[in-house]
Each structure stands twice: as structure tokens, then as C-alpha cells.
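Using the sequences and the accompanying hints, generate a full structural model.
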Amino acid sequence: MYKTKEVADHFSVSARTVQSWIKRFNLNIQHNASGHYQFSDQDIQSIEAALHDEKTLRTEKPARNDHGLEHTDRLEEKLEYVLIRLAHVERLVESKADEVVTFQLLKHRHDIEDLKKAVQVLESEMTVSRTENNGLMTLELKG
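Heads up: the sequence shown runs through residues 1 to 143, numbered per full-length UniProt numbering.
In case anyone wonders, no lab produced these hints; they're calculated from the structure.
All of these numbers come straight from a predicted model, not from anything done at the bench.
Hints are not guaranteed to be accurate.
[Unchecked claim] Computed list of lysine-lysine pairs in DSS-like fashion (alpha-carbon distance at most 25 Å, straight line):
1) Lys23 / Lys55
2) Lys23 / Lys5
3) Lys107 / Lys96
4) Lys107 / Lys117
5) Lys55 / Lys5
6) Lys23 / Lys3
And the structure:
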């Protein structure tokens, strides 16, 4: 029986990699009393076979016929067209967003000008009111 570290050394990988293989390949490895994995020679062969199968699947290329290549070319053309359209739409959205921000800034500026005018009107009314109140107070004092 082998420990995880020994199996890792056998494959020239880390112990964590061996543990991830156990999960990925769904291997049923025995544990010792401490809960550590105990690998048999058969377990090591199972790992080697699973790694070989995985490598074979990655390196195999599906067979294509001329129709498949033609279909792939059409798909690539459509994808290129969609990407160009997407870039165009993104530019339009960005432009529209800039226009909206500009409009909002102009609206806020107009609102601020209206508020300034309202404040000026109120200030002048208060000045007139103070002047009238001062005049009434002067009349009351004389009378």
C-alpha cells in the first residue's frame, strides 16, 4: 500500500493533484485508520489509465469532411458579422449615453438659473418689505 505522497512522487506531481484526480476520476480509494488514502497497485494503474484516456480525448480531433469545413467557414463569417454589429451597437449606445448626459447637464443648468432668478426676486421682495416696515416704524414713532 502506498501513501498519497508516494503516489504523487510516482507521477511527479503534488499530493493535492493526486487528491484532485481521485475526485475528478471518481476513484474509490481506501483510507487507513487516520483517514489518509492508501493506494494499491491497482489504484495506481486506474489513475494511469484515467490520465491516458483523458489525454487521448484531448488530443483526438474530430474527423471533418468538406461540408463540415464549409459549414464552419459560414459560421465564422456569421460570427464576424455579429461581432462587427455588436461593436457598432456598443458605439451607438455610448453615443446615446453621452447625449443623455449632455441633455441632463443643460437641464440642470437651466433649473439652476431659474432658482437663481427666484432667489433674486425673493431678496428684492424682502428688501422692499424691510423698507416698508422701517417706514411704518418711523411713522409710528412720530405719531
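These are the hints, each one checked on the structure:
| no. | hint | in the structure |
| --- | --- | --- |
| 1 | Lys23 / Lys55 | holds, 17 Å |
| 2 | Lys23 / Lys5 | holds, 17 Å |
| 3 | Lys107 / Lys96 | holds, 16 Å |
| 4 | Lys107 / Lys117 | holds, 15 Å |
| 5 | Lys55 / Lys5 | holds, 23 Å |
| 6 | Lys23 / Lys3 | holds, 16 Å |
Comparing the model with each numbered hint stated earlier shows that all of them hold.
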